[in-house]
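Here is how the chains run, residue by residue.
Number of protein chains: 2
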Amino acid sequence: MYTIQQLQTIIAEKIQKEADRIGATEPLNLYHPVSYTLNMGGKRLRPVMALLAYNMFRDDIEKAFPAALAIEIFHNFTLLHDDIMDCADMRRGQPVVHKKFSENAAILSGDAMSILAYQYILQTELPDIRQVTQLFSQTAIEICEGQQYDMDFETRMDVTIGEYLEMIRLKTAVLLACSLKAGALAAGADQPVADSLYEFGINLGMAFQLQDDLLDVFADEEKFGKTIGGDITTNKKTFLLLKALELAKEKTKQQLLGWITAKRFDISEKIDAVRKIYSELNIQQITQNEIEAFYKAAMKNLDELAVPQDRKNGLVSLSEMMMKRDH
Amino acid sequence: MYTIQQLQTIIAEKIQKEADRIGATEPLNLYHPVSYTLNMGGKRLRPVMALLAYNMFRDDIEKAFPAALAIEIFHNFTLLHDDIMDCADMRRGQPVVHKKFSENAAILSGDAMSILAYQYILQTELPDIRQVTQLFSQTAIEICEGQQYDMDFETRMDVTIGEYLEMIRLKTAVLLACSLKAGALAAGADQPVADSLYEFGINLGMAFQLQDDLLDVFADEEKFGKTIGGDITTNKKTFLLLKALELAKEKTKQQLLGWITAKRFDISEKIDAVRKIYSELNIQQITQNEIEAFYKAAMKNLDELAVPQDRKNGLVSLSEMMMKRDH
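Quick mapping for you: the protein sequence lines, in order, are chains P and W. Start counting the first sequence at 1; every next residue gets the next number (this note's numbering). Start counting the second sequence at 328; every next residue gets the next number (this note's numbering).
Hints are computed from structural coordinates only; laboratory data are not their basis. Don't be surprised by glycine CBs; every beta carbon is placed ideally from N, CA and C. Heads up, some of the hints might be wrong.
Heads up, simulated EDC-like pairs for lysine to aspartate or glutamate below, C-alpha to C-alpha not over 20 Å straight-line [as the list claims (entries may be wrong)]:
1) Lys570(W) <-> Asp558(W)
2) Lys99(P) <-> Asp479(W)
3) Lys243(P) <-> Glu103(P)
4) Lys99(P) <-> Asp413(W)
5) Lys270(P) <-> Asp213(P)
6) Lys623(W) <-> Asp547(W)
7) Lys639(W) <-> Glu526(W)
8) Lys100(P) <-> Asp522(W)
9) Lys223(P) <-> Glu320(P)
10) Lys370(W) <-> Asp517(W)
11) Lys590(W) <-> Glu481(W)
12) Lys427(W) <-> Asp152(P)
13) Lys570(W) <-> Glu430(W)
14) Lys639(W) <-> Asp479(W)
15) Lys99(P) <-> Asp558(W)
16) Lys390(W) <-> Asp517(W)
17) Lys426(W) <-> Asp152(P)
18) Lys623(W) <-> Asp522(W)
19) Lys426(W) <-> Asp86(P)
20) Lys426(W) <-> Glu13(P)
21) Lys236(P) <-> Asp216(P)
Each pair of labels, with its calculated beta carbon distance range [as the list claims (entries may be wrong)]:
22) Thr234(P) <-> Glu389(W): 45 to 51 Å
23) Gly42(P) <-> Glu389(W): 19 to 25 Å
24) Glu103(P) <-> Met417(W): 45 to 51 Å
25) Gly42(P) <-> Lys576(W): 54 to 60 Å
26) Lys623(W) <-> Gly42(P): 30 to 36 Å
27) Asp599(W) <-> Gln94(P): 48 to 54 Å
28) Trp586(W) <-> Leu28(P): 46 to 52 Å
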């Protein structure tokens, strides 16, 4: 079996090759922003997951390239359009497409990426591509739904923890789950095995996103590699904030709501104040417990998977790697 | 066989039913703009073409609904995103989505429509859906390319007639051709017949778009049902303008370029002046000849189609209907 690092190198090279090919296609104003987006980099987590899942069953991993590329291109398409909707300026240290090119370029090149993603998934070598394409399509629409809930929550003050968990399931977890299942389907895995891998991906994805929320508040800024407190500054209704609002007594709750509704504030003062309230309410530990519950559920899915134990090593390593991002 | 009017009624009802179902799905902020867009109306030309093509071979036309709906939803998605890019305010007498809802709603709901279109095409009842889905996907990416060329041409002064014809082939003709071929494939038609129907659709689509350009300049405003001269006002590099620039002697060419580059002008004065130049250069007749060449090619495709003559009547009627829009 390939190691995660080997798969990362292999798929990074493949993505760059495809990006260069796409970027040289006419009309250049359509395809250049596509290759720019794909070349922005990243850990290539989702295509690696697709290759890892494929590699549990077969060694000719190039057969999983179409699914892996489809998923990475679709993921980058959602980032591209999300950046327009969020009025973001930069991503991974580089100007976003709607700043570097134009908003129209970002809209249309994004549309093209969504279609290109389908073109890759349709290249999967299977006797019947209906199931893998429907899985991909169902995931794609769920990601749109997750993004809509995320935007809806910005202006709602009555978001429940259940609603939040459903939002991150749609916005983040389903694509990780889809990556694994698509890889398994491409390898011709049995339906129950493919379905269990999907469940594993959902639980791992939930743990991953909740940890992302936690790190945004409590991580060591240097090790985490991005600015801390962004979610607090923008009043994002994460698990941490919703749990704090649920647990806080009246006076603390009013303090917290005061910071959320404040029109003018000093950013670092706000971050410190909210973080202090979180500490008083033991939010860090409570979130950590929630993360561990999802992580344990994922490990249980993996234990129960009807695949030889030594074939699961890649996914175990990946899970550990994903959950240790601040070390 | 069904008449065109019957098919229009059947598909209009089906679209409304689907639009209502989609519009009642959570999150409403995502799906309400989708149903709003689908309920804006229109002649439903593309889904009717899919049903007509299917009906050449089989009578159980409900089997062609998934392909017909996919194509109509995709077409409406392109209108939705084009309206953002063109900064349009109104469509079919109603406010466009980015005005009625918000720009973010227009972006994200459009993305969802593109994915929904794939979900419908994937419901086509065929032993192997790869071909029809690849046809749809290839068409979809070509439409993006057409839109990009159209936007590129706005700032280019060296557009050739060949480039213009290729742009309208991509932006308009391929979706009409895809509608026919998808209907034929859904009915299990032979490959050569499906391919010939595609060619017929391309030629008919070219004639249709060139006539649209012609009517925008020379139609009877009341009968045409929309304002005349829009292409002249916005300096759109249509066949008419490009042919006029090609044929005009130096003095007339400078007059024409003067109008195109003018920053300030009286709209009706500009329309009258450009129309007068077109008349001097016999542009109306030349365009009419071009339209007839494409139309004749379409009729030749239809004649040569290996299908009983009486089964072609629907497509003959549709072609006549499409080419007599100002009468």
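Here's how the hints hold up against the structure:
Between the alpha carbons of Lys570(W) and Asp558(W) the distance comes to roughly 14 Å, so the proposed pair stays at or under 20 Å and holds. Distance restraint check for Lys99(P) and Asp479(W): the Cα-Cα separation of roughly 18 Å lies within the 20 Å cut-off, and the hinted pair is therefore satisfied. Between Lys243(P) and Glu103(P) the alpha-carbon distance is near 37 Å, which puts this suggested pair outside the 20 Å criterion. Between Lys99(P) and Asp413(W), the direct Cα distance comes to roughly 18 Å. Compliance with the 20 Å bound is thereby established for this hinted pair.
As the CA atoms of Lys270(P) and Asp213(P) are separated by approximately 17 Å, the hinted pair is consistent with the 20 Å bound. A hinted pair counts as satisfied when its Cα atoms are at most 20 Å apart, and Lys623(W) with Asp547(W) does not qualify at roughly 25 Å. In summary, the hint linking Lys639(W) to Glu526(W) is supported, as the alpha carbons are separated by about 15 Å, within the 20 Å threshold. A C-alpha spacing of about 41 Å is found between Lys100(P) and Asp522(W), which places the hinted pair above 20 Å, so the restraint is violated.
For the hint pairing Lys223(P) with Glu320(P), the CA-to-CA distance comes to about 17 Å; that is within 20 Å, so the pair holds. With a CA separation close to 29 Å, the supplied pair Lys370(W) and Asp517(W) exceeds the 20 Å bound. Note on Lys590(W) and Glu481(W): the hinted pairing holds, with a Cα-Cα distance of about 15 Å set against a maximum of 20 Å. Between Lys427(W) and Asp152(P) the alpha-carbon distance is near 17 Å, which keeps this suggested pair within the 20 Å criterion.
Taking the CA atoms of Lys570(W) and Glu430(W), the gap is about 37 Å. The hint is violated against a cut of 20 Å. For the hint pairing Lys639(W) with Asp479(W), the CA-to-CA distance comes to about 39 Å; that exceeds 20 Å, so the pair is violated. The hinted pair formed by Lys99(P) and Asp558(W) fails the criterion: a straight-line CA distance of about 29 Å is larger than 20 Å. Annotation: proposed proximity of Lys390(W) to Asp517(W) holds, straight-line Cα distance about 17 Å (limit 20 Å).
For the hint pairing Lys426(W) with Asp152(P), the CA-to-CA distance comes to about 18 Å; that is within 20 Å, so the pair holds. Note on Lys623(W) and Asp522(W): the hinted pairing holds, with a Cα-Cα distance of about 18 Å set against a maximum of 20 Å. Taking the CA atoms of Lys426(W) and Asp86(P), the gap is near 18 Å; set against the 20 Å cutoff, the hint holds. This hinted pair does not check out: Lys426(W) and Glu13(P) have alpha carbons roughly 43 Å apart, beyond 20 Å.
Note on Lys236(P) and Asp216(P): the hinted pairing holds, with a Cα-Cα distance of about 11 Å set against a maximum of 20 Å. Restraint check, Thr234(P) to Glu389(W): a C-beta distance of roughly 49 Å satisfies the suggested window 45 to 51 Å. Hint check: Gly42(P) to Glu389(W), Cβ distance near 45 Å, so the stated range 19 to 25 Å is violated. Against the hinted window of 45 to 51 Å, the Cβ-Cβ separation of Glu103(P) and Met417(W) comes to about 21 Å, which falls outside the hint.
For the pair Gly42(P) and Lys576(W), the supplied restraint of 54 to 60 Å holds, since their beta-carbon distance comes to about 58 Å. Evaluation of the 30 to 36 Å hint for Lys623(W) and Gly42(P) yields a failure: the beta carbon distance comes to about 53 Å. Between Asp599(W) and Gln94(P) the CB atoms are about 50 Å apart, so this pair conforms to the stated range of 48 to 54 Å. At roughly 30 Å, the beta carbons of Trp586(W) and Leu28(P) sit outside the given window of 46 to 52 Å.
Of the numbered hints listed earlier, those contradicted by the structure are 3, 6, 8, 10, 13, 14, 15, 20, 23, 24, 26 and 28.
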